[in-house]
Amino acid sequence: MNVPHKTDSIVPDFLAGMGEDLKRGLVPVRLFNNRDIHELELRRIFARSWVFIAHETELPNPGDFVTRPIGEDPFICVRGDDGAVHVLLNSCRHRGAQICRAEMGNTRAFTCPFHGWSYKINGELAGVPARRQGYRELELSEWGLFSAPHVASYAGLIFANLDPDAVPFEQYVGRYRWYLDIQFALSPGGMEVIGEPHRWLVDANWKQGAENFCGDSSHTQMTHRSALEVGIIAAAAAGAPSKEHGLHVHDCDGYAISIRQNPGETLFWNYPEEVTRHFDPTRLSPAQFALAKRSLVHNGTLFPNFSFLHLGITDNAERPPAGFLTIRTWQPKGPGRMEIWNWILTPKEAPDDYKRRAYQVGMSSFSPSGSFEQDDVTVWPGTARSASTVFAELNNVKLNYQMGLGSMSDIAPLRDWEGPGTAVPSNAGESGLRTFYKTWLERMTISNPIRSDAR
Amino acid sequence: MNVPHKTDSIVPDFLAGMGEDLKRGLVPVRLFNNRDIHELELRRIFARSWVFIAHETELPNPGDFVTRPIGEDPFICVRGDDGAVHVLLNSCRHRGAQICRAEMGNTRAFTCPFHGWSYKINGELAGVPARRQGYRELELSEWGLFSAPHVASYAGLIFANLDPDAVPFEQYVGRYRWYLDIQFALSPGGMEVIGEPHRWLVDANWKQGAENFCGDSSHTQMTHRSALEVGIIAAAAAGAPSKEHGLHVHDCDGYAISIRQNPGETLFWNYPEEVTRHFDPTRLSPAQFALAKRSLVHNGTLFPNFSFLHLGITDNAERPPAGFLTIRTWQPKGPGRMEIWNWILTPKEAPDDYKRRAYQVGMSSFSPSGSFEQDDVTVWPGTARSASTVFAELNNVKLNYQMGLGSMSDIAPLRDWEGPGTAVPSNAGESGLRTFYKTWLERMTISNPIRSDAR
Amino acid sequence: MNVPHKTDSIVPDFLAGMGEDLKRGLVPVRLFNNRDIHELELRRIFARSWVFIAHETELPNPGDFVTRPIGEDPFICVRGDDGAVHVLLNSCRHRGAQICRAEMGNTRAFTCPFHGWSYKINGELAGVPARRQGYRELELSEWGLFSAPHVASYAGLIFANLDPDAVPFEQYVGRYRWYLDIQFALSPGGMEVIGEPHRWLVDANWKQGAENFCGDSSHTQMTHRSALEVGIIAAAAAGAPSKEHGLHVHDCDGYAISIRQNPGETLFWNYPEEVTRHFDPTRLSPAQFALAKRSLVHNGTLFPNFSFLHLGITDNAERPPAGFLTIRTWQPKGPGRMEIWNWILTPKEAPDDYKRRAYQVGMSSFSPSGSFEQDDVTVWPGTARSASTVFAELNNVKLNYQMGLGSMSDIAPLRDWEGPGTAVPSNAGESGLRTFYKTWLERMTISNPIRSDAR
Amino acid sequence: MNAPFDAGTEAEATRFLNREAELLDNREFHRWLEMVSANIRYRVPVRTTRQNKEGRGFSEKAFFLDEDHGTLKTRVLRLDSEFAWSENPATRTRRIIGNIRVRSATADTVALASNLAIFCYRGDAAAPIILTAERQDILGRENSAWKLADRLVLLDTTVLGMESLSIFL
Amino acid sequence: MNAPFDAGTEAEATRFLNREAELLDNREFHRWLEMVSANIRYRVPVRTTRQNKEGRGFSEKAFFLDEDHGTLKTRVLRLDSEFAWSENPATRTRRIIGNIRVRSATADTVALASNLAIFCYRGDAAAPIILTAERQDILGRENSAWKLADRLVLLDTTVLGMESLSIFL
Amino acid sequence: MNAPFDAGTEAEATRFLNREAELLDNREFHRWLEMVSANIRYRVPVRTTRQNKEGRGFSEKAFFLDEDHGTLKTRVLRLDSEFAWSENPATRTRRIIGNIRVRSATADTVALASNLAIFCYRGDAAAPIILTAERQDILGRENSAWKLADRLVLLDTTVLGMESLSIFL
Ligand code: FES
Ligand code: FES
Ligand code: FES
Ligand SMILES: [Fe+3]
Ligand SMILES: [Fe+3]
Ligand SMILES: [Fe+3]
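Residue numbers (my numbering), protein chains in the order written: chain A, 1 to 455; chain B, 456 to 910; chain C, 911 to 1365; chain D, 1366 to 1534; chain E, 1535 to 1703; chain F, 1704 to 1872.
What the hints contain is simulated information worked out from the structure, not anything from laboratory work. The model shown is predicted, which means the values in this text are computed figures rather than measured ones. Beta carbons: idealized from backbone N, C-alpha and C, even for Gly. Careful, some of the hints might be misleading.
Claimed, not checked - Facing chain F, according to a computed beta carbon distance under 10 Å, are these residues of chain A, among others: (1) Val202; (2) Glu229; (3) Asn316; (4) Trp343; (5) Ser369; (6) Glu373.
To be verified - Pairs of lysine to aspartate or glutamate, DMTMM-like flavour, derived with a Cα cap of 20 Å: (7) A:Lys333 to E:Asp1658; (8) C:Lys1203 to C:Asp1326; (9) C:Lys1348 to C:Asp1163; (10) B:Lys478 to C:Glu1047.
Work out the full structure, taking the sequences as your base and the hints as a guide.
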């Protein structure tokens, strides 16, 4: 029997009109720092969505594990002896102690430090001390670790979904996979994570990062002005609004992507030839491959909190740019705070020297010390602060996401766009962000109650 | 459309009987650390009252700004090119970033660091980047910064009121202005702030400071005993209960003031002749001027959280006392914490040397390091602690504000008091504090719902 | 008039089925970190139970005082001039300041630092400044400090109960006194506290400590494995599950105790002869004395949060073990945190050298630096973490307290057990913990409303 | 990285600051006053958050402390009282003086800078309130003993996190 | 501000304390034990908040640690175990030893005081738990090497903010 | 406790580190760069919580900073901009350099370790965000001036508690 917690049924009033607001390009600011919204998100979004957990290359061997959050709950992601990946709640079934206290490592079993219940790396309960004396009728098979009912691995990315009734990952991603393939499946070896992720705390709501990667191109010229000044990124990649390089794809089965490209050129995000020669045109459609080839920058968010950025940049104007891929999760830590997790990847086939170089360039631009990221995370907390004001509540303050909406722009979507979704050839729009909030609202106001069978 | 937040409608049960309690001189201790009370205060008191923002002399030039809270919300107070003062919510209308990140300074515009929306110093939206590409129909005039609908400047003091339907400042102050004039309008130049305010955090409710300045004379002999011992204040100014110098004025249109005086003497709070010769009898009524002349100490609170203290004291028993005026706000920071802001002022005409001396004397007595203030802020947290007990809730504990109430005292109010309000010639009373809570209760339980039109 | 706070009436839904759960050995994990549960515990358990305050030997002289919490409320425990102990709320009746700001000491009176109201050490209001001028009709007798309506002293232990309608302490303890006598009343002088208590903060719920001392024997071999490895405790005392030394007594009028013994031996928890020769067989029943004599370890919890552990151990395998008694309280500090208070005691008659030795041994095993305690407090926070997960709520996760329940074990209770309660000759059971939660549930779901007369 | 001043001066200045810190941590304020010149100028300016182009934000007019010997002595005398509630029970402080830098030295004068971290505990609070600052000091030799002649304490915070500044910095 | 002891003694004592701190931060406990005299007396008394007139609140009977060489060694041996959960995964510590003051020195003995700040991190916590104290040490020369002969750690807190005191101070 | 290196080396290294800290606290980044060798290798590895048997958790591949002179200079140039929002208004920092240990020294090279605590304040926050680490440095003499030739900063935290690492360590 399950008694749903009351928090699952509290839908703040101000969400009622949000569908209409969104059509006008408005979003209630309270979304960015509100306890009720937050609790509901944990239950309706994070407990039901396909959430990124880890990259396959973080777990090369059986017994390799990392600990990762889903929403704010602690899970272990471990590679089993058969190579399968398990996503296990980091909580002993006996009396709730934390069974895995390291953040990563390799193990043969998870033995609880409290009373010694011992679990196989697939989560099954292997044994309990004093079984003969105290647990004669304990069914070990009923007391394995709680595990995510669904785990999917796509192009090296491991996702989990806690909802037993979840749609399959392929269906969840839908046609957005067309774009993901370009980032993650261009070479036979796929992408590879370099080292451990950066983790750091920012006093902003998790959606602030997630929306940013949906195509908030108009912030680049202002937020990142100091980085642009020191000449570490090409003007085209930086997305000046007057340029023709920008492309925003929105409403692609609920997701969006921002693209900067230079048609006619061979760019591949500034990967050098020693890398690009491993890119295999047969692994993608011709249109996908052609897009990759002419691309300077790709960034997008797979709802809810997994984002990627594919980019060529340098860390010193005197050195050439290098391509790299960053993936990140925006982990909620209460309504007004998030922990950012950031990984840097390159194609697996890249030479070791290039991997190190790509890491440096990635770290120098998008990481806690990144010349770009530093300024993003500095401006974001302002929105959380605005969201927590009494003024916002009393005046029902709404933010403006109208850039490029309807007649705000006279730039029409591309008619002949070869990819899925609606592609607008402009940096001056917030359509990707509107897509994010449409998806968010749909998931938050879904009518079927959360699954609640006891385990 | 506005959907009032539920917190505005929650009035804790224990306020129901508070009117009766107050008549008996009782106040529920829970007022001093209760989340519901606090949320309601932010909405019913701080969002509707005339709140002190800054002093004119902090903003001598166009473009000068300071950032200041109203309740717990962040505002910018800036002098416009026409000399008018604007009180603007420090939150970008685009997507909520903080547009002003310095605490004070001078600027020609507020340009948002996120996407570069740029506002004039009067709050109007001056421009948005990529307007042609993305904002063809954006009405700039509709997207200026939120601003306080009412700003008033009285004798150098700038107040704002967020309630569009607020009564005018003059009406709000009422006859209490008689006393304010004495502090702030005695010389042609008025009062002048010396330097930047002290700011510090105290684990006590904001009302603890506000009530204290309404005439809590009986604490002086105990709380400040160590300061009295070192001989830095005259006995009469220290308000021993048996002295005849004390006067408590209560129920003056909702406010109160405490006065210590020496009839017949020329005191002017120990300002020296080089200062008092600028005091202009024609600027006040004869009765006001006469009171100023015989005064040792004045302190009062303009509801909700603006207090003043006019006083002569020294920082070393071997040096003569010097007069100064401190004004302060008791800024709420959650139910059990406040930030105190403290300014020190002198008449504008005072010589520079005297200003420095007055500052030293003010700082040495009323500031975080003040010999008086140190002990105030040390005892106040105890009440917040008492308020948070379960014992207080289960037993509905009420504090005793009965000093001098009814037959507790045989000292009658002055019949011939020339000023407004009821004046009792005794230090041994809490009538000023009772006035504060009567006003508080009236504002908290007011029946008309908060104004809620969308902006 | 009293208006009960709403929190007293909120009983989380998931307690409804807990009676049935408990029969099956299941306990909802949410008990260990839930705000509603916590608020209810403060009101239904801590405000109504007999709570340990201090030991008589901490207060040898009139005027000696210590400050101690009941639940999360601050009290002063002071010895009056007549030798009686008073338990007073540390809150001035005037306006709520903290009247006693030291943690321990000796005083003739409690004089409030705010306005100087002065209380006798029995809590009576002795005087108020300016009484003639401001408090002519104040009835001093009505404004004494709030005090616990019931205080009991048993064998040196001082308990208080805030519920005016509380059952007497003897009735509250019931037959569990049979076991308490063994710890506390074995010698004519009784037990004596050595020095001041240890206090430290642990991110775990208070029940985690309280349940542990009810007989969680099966954790010793795993949690304390490193301590066992260094040879500082006898194998029998460490309670290996296969040994015959263990005895769990449960359902002894709502309480439980765990015993490790070696029938036939003279052990007395490894007290040396210089101590045991003071043990007086006439002070206990023959059965009690015989149990003490053969005992290695006793540990138990008097609901809610008072625990004891009587034990012989060493701090260095090259030195012989020494017996000592630790008592402790698990003080709640919010739902997911507690402060542990730990005292070390020996029989009063022990030589001073032995007392010092016993203290060292006690500190080295059970204290913040204790080789045993260190590992307990490290594993406990995991349960609080599990309890706070959204997963636990959505899946109504229940912990497993089934060890030794019903047919889980084939070890029958002793038929001829001479003491009260049900005694099971096995370390492999959680019956004592189930007793704790049965008592907890009974107190939490009691139907009569909390007493609410105004004071 | 040549040594502009002899190591002896650095060592002497270090001992002076360490001894001073010890007296303050131990609340031996009268003995501390003996280390302070009768001509002391002792200032702790208020600080505000400013745009970089407007400087570091130290006030020239507003101070948390702006003292001479007489006012310091008055403060010490007040702390002698058992009724100085802010310091009875006393704040438990621990000062770490780091990065001592001699700026200039003559036979009778040493100008130096140091970094100060003070950890303050009151009552039951397990976590300290921390105050950090740069101190710019001038020591003067008076009758063959060094005295503190000038101190400027440049706080790193703009808002004080403690209810009262009832300690010396 | 004359130097009561030669700068060499200060420097030697400083190196001793710095090396000791390094070994402790690096969890080289057996090597640390080699720096500790077989006759060590090592105490960390419990502290309480008292009225000023009742003193500084250090207990004479109650301790967080009250050790000799044998008990320190037992603690180190326990920490060797992979099952010493409180320190596996280990607390990450950073010690700052400041304000070192030599109180007296002979050829074979140095008495000194120092201020200690330890920053402790466990697991994912981004903010350290901080412990500060004055340490009063006696170093003794044994077979031409200095050893820690006596240590009294005077904590500034009354309530420990960490779940366990599983480190050495 | 014999002195492996002469006190002069320790004093010089200490002055170097103190001066460097001062320049960084004062945001004089260009002058700081002058103290940095053109061949600098400057690294701050990522750290993870690991079982003790798996080591101390420092990454060999992942870094918060992994710099050479050119990238440090690029960072400094960016901070010159008034649009470097993360540092305008600037973080107010206070560095305490403690426990300086010279590991080896030649005429032209000094290897040393030190413990670093940085207290960081932004805007109105009264409490600092604290970052602590061990630093392992190599100083090299270039044209008779010491320069920072290699720095490895071993953080004690695994998760950064500050929104951006926009300062130098
Ligand atoms: S809690 Fe894990 S074995 Fe008991
Ligand atoms: S949030 Fe201010 S310009 Fe976008
Ligand atoms: S609050 Fe205690 S005397 Fe006023
Ligand atoms: Fe960005
Ligand atoms: Fe006062
Ligand atoms: Fe245990």
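Quiz item: Any of the earlier hints contradicted here, and which numbers?
Solution: none
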